[in-house]
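Peer 1: Listed below are the residues making up each chain.
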Amino acid sequence: MKLSALKTGEKGVIVRVMGHGGFRKRIVEMGFIKGQSVEVVLNAPLHDPVKYKLMDYEVSLRRAEADLVEVINEEEAKQWAALHPEQPGIPADDCEDIVHRVARVKEHELNVVFVGNPNCGKTSLFNIASGAHERVGNYSGVTVDAKVGHFNFESYHFNIVDLPGTYSLSAYTPEELYVRKYIIEQHPDLIINVVDASNLERNLYLTTQLIDMDIPMIIALNMYDELRESGNQLDMHQLGTLLGAPIVPTVGKTGEGVKELFRQVIQIAEGKQKIARHIHVNHGVLLEDKIARIEAFVRKNPEPHHNYSARFLSIKLLENDRQVEGIIRKLDNAADILAERDACQQDILKEIDEDSESAITDAKYGFIQGALKETFQKVQRYKRLMTKRIDSIVTHQVWGYPIFLLLMYLMFFCTFNIGQYPMDWIDAGVNWLGAIVTQWMSDGMLKDLIVDGIISGVGGVIVFLPNIMILYAFISWMEDSGYMARAAFIMDKIMHRMGLHGKSFIPMIMGFGCNIPAIMATRTIEDRKSRLITMLIVPLMSCSARLPVYIIIITAFFPKNSTLILFSMYLLGIVFSILMAKLFSRFVVKGESSPFVMELPPYRMPSAKSVSRHTWEKGKQYLKKMGTTILLASIVVWALSYFPHHAEATEEQQMELSFIGQIGKFIEPIIQPCGLAWKEGVALIAGVGAKEIVASTMAVLYHGDIATSSMTSLAAFCFMVFVLLYFPCIPTCISIKSESTQWKWAGFTILYTTLLAWFTSMLIYQIGSLIP
Amino acid sequence: MTQEIIVYIILAITLGVIIYYIFCQLTGKGRSCPCDSCPEHGGKCHCHEKKE
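Just so you know, the protein sequences line up as chains A and B, in that order.
The numbering of the first sequence is this note's numbering, which starts it at 745 and goes up by one.
The numbering of the second sequence is this note's numbering, which starts it at 1353 and goes up by one.
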């Protein structure tokens, strides 16, 4: 808890002191140090400042200052001790002692954040350190929010946070703002700046901005194996000394160097690391003079630089950072600070004929180039040469598209044809189970529920587990190899013509797996217009939940052209999404789209471990869904088809007289123009919760054999098109709401997708019926 | 008769789980914390504090 939260008369023990530079130094000198007892003596009439007693003297602090001191009181210590019974030496009953003991344990707690450029391997290091299985991939923007992990290492408890990748700490994109805000508000003890060893110059730009923020930092030189293989030489000790942050080489793929990294983190926390110190990135005489002038005005206010370094604020003011301007405007001498900033900017413009923002960027790159000239020897660029060769083929003007389509076709061919074998084995297992239960149980309602409801419903969907895992293995392979970024690159021109951003293609392809993370991934798109349109069209991408429906239909109606039909479904989704994007950008969402600035990472051979882990995670999720959502839906659908029960009726008559039959008959006129009958209508309604339920409902309604359906091939195709385009599942709608922050966009998506599904299926059916 | 009783119990449990799920979705109770993916809160909010 914060010191400011202690009530009058209450005691606590200091766990850590946050804040910056002068403030931190002053407060520590006053005796606010770890392990020290502090007591609230009294609150001033307006609850600010507060008088505290420590070391037998009294001192008053403002609440804003007390907010930066973390303490633990007796109640919190007891709760903590009860929650951590495994912690040795903490008696839960000895009240006086327990606070100090728990405080001592908590002093050995370190909050560390991973910050770095996109695709530099932060999440890989985070996963190795914390034992988590967060998603990684060889393209930027895989992590879109903060992931938290915990682990113990050498008597310390680490709370580590994986932040989204960012190229800088400016205020242009949501990730940049998010990372900056997180660092400032959460007061991490230390930053692990992950730097891609194969791209030092660009990665170190963010490092120079982190140095400005004045927070203890260590550099993880990740993908060090690539640097080693390339033959390039880097004097890490010298570069670390120049940057004021020790550098530890790491390899995210194998975990090499991760232990040493956290050993060094502990050394810094204990003040034993000599390289770790605060330095000033030298921006040159002119800029340094201007920064100092603004800083002098900022320092007149104690408040902001409790959280921010005054130098950081001054540099950001010169860069016209709107968010920092907002902070400054709240200060008493805001007008003076901003006037001084304006004067400095004018001086810079006059003297070097360049705006201050560009001048600072140039100066930072100058500093980096200088540091690298001293420490880095380039020998060859083996990996990039290979990347260039592959790129000359896969992003070729003519061959790029056919190669992309060929890879997609191959993916669906394997999904269907290779998946068919294990699918048949599982199907045989499900049938065997159904036969056993039928044979051994006496006739009755429970037997009907188990055989026709649960085994037909869950078994009808679980058989597609291998297909889904194969599809995911392919997607993972494409993501990890770096091909996915190329797919976005070659699609950029088409996407731009449709009023979208090249980056939009990445969430769209991610949508092949699941629409929800794809919608979350739209956060990496800078301009709101492209972001919103991408969010609206992602539900048209065929997610893996729709795959079971396609396979059921294709196996029954199109066994000879299975791959082609499956491929056409996915292609249709892409075509419709591009067309809808064009419509939306012209009529629904207005605004200019920003230029395409997506990084093309070097190709890397995906490790079998990484691909199999992603595939298994997906398989696990699918199995979990079988035991929850699909099981419940199968029971409900069975109950609706069983009641009211007519013992004398045939199976088909019973189905038509049941509740589900009545619902189906009620909606049948709406879907009849699309060639669909009431059973398909019921399956479509049930699929609103999750698309797999369409397949399980069909399995229950047709007793596991859809070939008995009276649908024609044309109607079956229309049914697949309807499933592809209609109502996104409810969790997807909730994602659209939370990402767009407005229910109206979720509502709009539901409405337009359903209307689009109906009109498209109706047109295909009606036109197709005319062809003899 | 025994089979019918078991089925009615299963249906009652199913209905209960569905109602509880809808209730949780509407009230936020039992739902995974929305701030896990919320940039505004950075994974820290009242739900996390309670859990911790």
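Rather than coming from a laboratory, the hints here were simulated on the basis of the structure.
Please note that a few of the clues may not be correct.
[Claimed, not checked] Below, in silico cross-link-like pairs of lysine to any residue (SDA-like), each with a Cα-Cα straight-line distance of 20 angstroms or less:
{"#": "1", "chain 1": "A", "residue 1": "K1237", "chain 2": "A", "residue 2": "K1364"}
{"#": "2", "chain 1": "A", "residue 1": "K1409", "chain 2": "A", "residue 2": "T1373"}
{"#": "3", "chain 1": "A", "residue 1": "K850", "chain 2": "A", "residue 2": "N976"}
{"#": "4", "chain 1": "A", "residue 1": "K1191", "chain 2": "B", "residue 2": "I1362"}
{"#": "5", "chain 1": "A", "residue 1": "K1369", "chain 2": "B", "residue 2": "Y1373"}
{"#": "6", "chain 1": "A", "residue 1": "K1191", "chain 2": "B", "residue 2": "Y1373"}
{"#": "7", "chain 1": "A", "residue 1": "K1481", "chain 2": "B", "residue 2": "G1368"}
{"#": "8", "chain 1": "A", "residue 1": "K1003", "chain 2": "A", "residue 2": "Q930"}
{"#": "9", "chain 1": "A", "residue 1": "K1191", "chain 2": "B", "residue 2": "C1376"}
{"#": "10", "chain 1": "A", "residue 1": "K1368", "chain 2": "B", "residue 2": "Y1372"}
{"#": "11", "chain 1": "A", "residue 1": "K1369", "chain 2": "B", "residue 2": "Y1360"}
{"#": "12", "chain 1": "A", "residue 1": "K1191", "chain 2": "B", "residue 2": "A1364"}
{"#": "13", "chain 1": "A", "residue 1": "K1117", "chain 2": "A", "residue 2": "N976"}
{"#": "14", "chain 1": "A", "residue 1": "K1191", "chain 2": "B", "residue 2": "I1361"}
{"#": "15", "chain 1": "A", "residue 1": "K1369", "chain 2": "B", "residue 2": "G1368"}
{"#": "16", "chain 1": "A", "residue 1": "K1368", "chain 2": "B", "residue 2": "Y1360"}
{"#": "17", "chain 1": "A", "residue 1": "K1191", "chain 2": "B", "residue 2": "Q1355"}
{"#": "18", "chain 1": "A", "residue 1": "K1191", "chain 2": "B", "residue 2": "I1371"}
{"#": "19", "chain 1": "A", "residue 1": "K1364", "chain 2": "A", "residue 2": "T1485"}
{"#": "20", "chain 1": "A", "residue 1": "K1369", "chain 2": "B", "residue 2": "Q1355"}
{"#": "21", "chain 1": "A", "residue 1": "K1369", "chain 2": "B", "residue 2": "I1362"}
{"#": "22", "chain 1": "A", "residue 1": "K1191", "chain 2": "B", "residue 2": "M1353"}
{"#": "23", "chain 1": "A", "residue 1": "K751", "chain 2": "A", "residue 2": "E818"}
{"#": "24", "chain 1": "A", "residue 1": "K1368", "chain 2": "B", "residue 2": "Q1355"}
{"#": "25", "chain 1": "A", "residue 1": "K1369", "chain 2": "B", "residue 2": "T1354"}
Peer 1: Please flag the earlier hints that this structure goes against, numbers listed from lowest up.
Peer 2: The structure conflicts with hints 1, 2, 3, 6, 7, 8, 9, 11, 16, 18, 19, 20, 24 and 25, although it agrees with all the remaining ones.
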